[in-house]
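Each chain, written out:
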Amino acid sequence: MRKKKERLGSGLCHIYLIILSVIAFFPLVWVLLSSVKSAGELTSNPTRFLPKHFTMGNFIHVIQDLGFTKNISNSLIIALSTTFIAIIVSCMAAYGIVRFFPKLGNIMSKALVATYLFPPILLAIPYSLAMARAGLTNTRLGLVITYLSFSVPYAVWMLVGFFKTVPIGIEEAARVDGANKFQVFVKVVIPLVLPGIVATAIYTFINAWNEFLYSLILINSSDMMTVSVALRSLQGAEILDWGDMMAASTMVVIPSVVFFMFIQNKIAGGMTEGAVK
Amino acid sequence: MKNKRKQFDYVRWIFVLPALVIVGVLLIYPIFSSLYYSMTTKHLIKPAYDFIGLANYQAVLTDPEFFQAFFTSIIWTVCSLTGQILIGFTSALAINRVKHGKGVYRTLMIIPWAFPTIVIALSWKWILNGVSGFLPNLLVQLGICGTLPQFLSDNSMVFITLIFINIWFGAPMIMVNVLSALQTIPQDQYEAAQIDGASHFQQFYHITMPHIKVVVGLLIVLRTIWIFNNFDIIYLITGGGPADLTTTVPIYAYNMGWGTKMLGKSSAVTMLLLLFLLLICVVYFTILAKWEKEDK
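Those sequence lines, one after another, are chains A and B.
Each residue of the first sequence is one higher than the one before, counting from 0 in numbering that gives the first Met the number 0.
Each residue of the second sequence is one higher than the one before, counting from 0 in numbering that gives the first Met the number 0.
Some hints here could point you the wrong way.
As the list claims (entries may be wrong) - Output of the computed footprint for chain B on chain A, the stretches with three or more beta carbons under 8 Å from beta carbons of chain B:
no.	region
1	42-49
2	113-126
3	252-258
Claimed, not checked - Here are the simulated distance ranges between beta carbons:
no.	chain 1	residue 1	chain 2	residue 2	range
4	A	P190	B	V10	19 to 25 Å
5	A	S43	B	L277	50 to 56 Å
6	B	Y56	A	K69	41 to 47 Å
7	A	P50	B	V130	16 to 22 Å
8	A	A178	B	V281	44 to 50 Å
9	B	F70	A	R174	55 to 61 Å
10	B	I286	A	K2	39 to 45 Å
11	B	F70	A	K69	40 to 46 Å
12	A	T164	B	L16	21 to 27 Å
13	B	Q67	A	T164	48 to 54 Å
14	B	P209	A	L239	51 to 57 Å
15	A	L75	B	F70	38 to 44 Å
Said to hold, decoys possible - Lysine-lysine pairs mimicking BS3-like chemistry, simulated, CA-CA at most 27 Å apart:
no.	chain 1	residue 1	chain 2	residue 2
16	B	K98	A	K3
17	A	K102	B	K292
18	A	K109	B	K212
19	B	K212	A	K102
20	A	K265	B	K101
21	A	K2	B	K101
22	B	K98	A	K265
Think of the hints as simulated: they come from the structure by calculation, not from any bench.
These numbers were taken from a predicted model, which means no experiment stands behind them.
By construction, the Cβ of each residue, glycine as well, lies at the ideal position given by its N, Cα and C atoms.
This is chain A alone, in the form it adopts within the complex:
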């Protein structure tokens, strides 16, 4: 009796999970499928799944005529620079908090969590004024600076969780051998936490790549636009071409999804652990 009930329960779980998986997964599939259909097919056959005629025309149009590669390279440069700076700064800070400020560190990481509270729309106003004054409106540098505002607290928060796992004994052994604090940090601690650092770096990259509000406010020349803003301006164009938009969307969403797959196991612990402790 019990076993039968157990099996029924597990069957219901599977049905529930299959339904949710389909809903979760469908938009990605639909974007990919729509990106390789012709404009005619998209409108004449809205519910047909597989393309009748496979075409790369949308991609070619987006890349060659709309200059989307320019936007991709802007976003890449901005996201990579943000990640590079944020990770160096955050690794040092996370290690410093864990190792040198055990008591104060708790307050520091709580303060970092508190920055999560600040509405991006609130920060957007001073940023846009300050960037205009500094002559950084419409520059990649301006965006990298504003992106650090959310990347650094988040990365420190995640990294604190990873650095906590390093046993102090290993560091002390290196210290006895005559290494100074920086040498211990770079040669002993960093290699031990590397998988966590890579995961944090990828997460930072994805967030910078996906960002929208600040690039909407700080960038208005089409040469400097990031992918998010460029995609939005595509939508504002006179003729709504869904094939083009889905091709461009594919190019934006695929890197995010693929990178996310790599770090999905690491990301769960890092986020709540850093804060709960």
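Assemble chain B onto chain A, guided by the hints.
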């Protein structure tokens, strides 16, 4: 000896200094800057402005449109959060329960989390498109709807649709975090409870809940803040329309700052938003601290 100690202090500060500077310059300074601008007539383009004290706050707090936006924000947050927690929580329990396919379900269901907001907006706008969208056409073909439903422009459906999309995006994060908390629960506690003849519900209530309470509580805090502050999803899908029906406080503040170009007044709105969130957090953290104490 004394000298050595001094050097020690100096090195450890080097580690945390860059991050502190970034947080100070990029997060603390703007708050004060906004506070100042919120008491001025600062304009997006015109350089001259005056100090006017609390007049902006007075203007905002007597504007019925602000309260409309505030009310919309509350509904948006409560509905989205409830849905996200419900779906995220139940799917985590279900994945934890099944024996096969855990990894596949988890991987498929995590995908929305990776979506850039602009692609969330475009993909759903395309799927729900009132002319050639997949879902409206499917519903008509199946005979469920007589005419193509206008999910994103029909006044009675647009808000619910937005909330659905927000749940779609946010539930995976809850799911992943709850799932990882569930996996830290020692299995022998369940075995012991089964020997004692505890029902599924009793096991859930006495073993599962106490273990994940704090994580879930924290997730609720973080998600509340995030949803309340969220600007992109609504802005990119409906832009606050139709007829301001989906204008939340961040959208209202944006329209004031970049639409009518009154940055001073817009700053006042965002300061009120921060104040409200602070208030919520104090309440939440009081409850969380109580829970954590109970655990010990």
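Evaluation of the provided hints:
Residues of the region 42-49 of chain A with a Cβ under 8 Å from some Cβ of chain B number 3, which satisfies the need for three, so the listed coverage holds. With 13 residues carrying a beta carbon less than 8 Å from a beta carbon of chain B, the region 113-126 of chain A meets the three-residue requirement, and the given coverage holds. For the region 252-258 of chain A, the proposed coverage by chain B is satisfied: 4 residues have a C-beta within less than 8 Å of a C-beta in that chain, meeting the threshold of three. At roughly 21 Å, the beta carbons of P190 (chain A) and V10 (chain B) sit within the given window of 19 to 25 Å.
At about 54 Å, the beta-carbon gap between S43 (chain A) and L277 (chain B) stays in the expected band of 50 to 56 Å. Our hint of 41 to 47 Å for Y56 (chain B) and K69 (chain A) holds, since their Cβ atoms are close to 43 Å apart. Separation of P50 (chain A) from V130 (chain B) is about 19 Å and conforms to the stated range, judged on CB atoms against 16 to 22 Å. Evaluation of the 44 to 50 Å hint for A178 (chain A) and V281 (chain B) yields a pass: the beta carbon distance comes to about 45 Å.
The beta-carbon spacing between F70 (chain B) and R174 (chain A), approximately 59 Å, falls within the hinted interval of 55 to 61 Å. For the hinted restraint 39 to 45 Å between I286 (chain B) and K2 (chain A), the CB-CB distance of approximately 40 Å keeps it satisfied. With their beta carbons about 42 Å apart, F70 (chain B) and K69 (chain A) fall inside the hinted range of 40 to 46 Å. The hinted range of 21 to 27 Å is satisfied by T164 (chain A) and L16 (chain B), whose Cβ atoms lie roughly 24 Å apart.
Look at Q67 (chain B) against T164 (chain A): about 49 Å separates their beta carbons, and that is inside 48 to 54 Å. As the Cβ distance of P209 (chain B) to L239 (chain A) is approximately 53 Å, the hint placing it in 51 to 57 Å holds. Between L75 (chain A) and F70 (chain B) the beta carbons are some 41 Å apart, a value that agrees with the proposed interval 38 to 44 Å. Among the hinted pairs, K98 (chain B) with K3 (chain A) is consistent with the structure: their alpha-carbon atoms are about 15 Å apart, no more than 27 Å.
A hinted pair counts as satisfied when its Cα atoms are at most 27 Å apart, and K102 (chain A) with K292 (chain B) qualifies at roughly 19 Å. The hinted pair formed by K109 (chain A) and K212 (chain B) meets the criterion: a straight-line CA distance of about 19 Å does not exceed 27 Å. Proximity of K212 (chain B) to K102 (chain A) is assessed by CA-CA distance (about 25 Å); at most 27 Å being required, the pair is judged to hold. Among the hinted pairs, K265 (chain A) with K101 (chain B) is consistent with the structure: their alpha-carbon atoms are about 16 Å apart, no more than 27 Å.
Pair hint K2 (chain A) plus K101 (chain B) holds up; C-alpha atoms about 21 Å apart against a cutoff of 27 Å. Distance check on the hinted pair: K98 (chain B) and K265 (chain A) sit about 22 Å apart at the alpha-carbon level, within 27 Å; holds.
The structure shown violates none of the earlier numbered hints.
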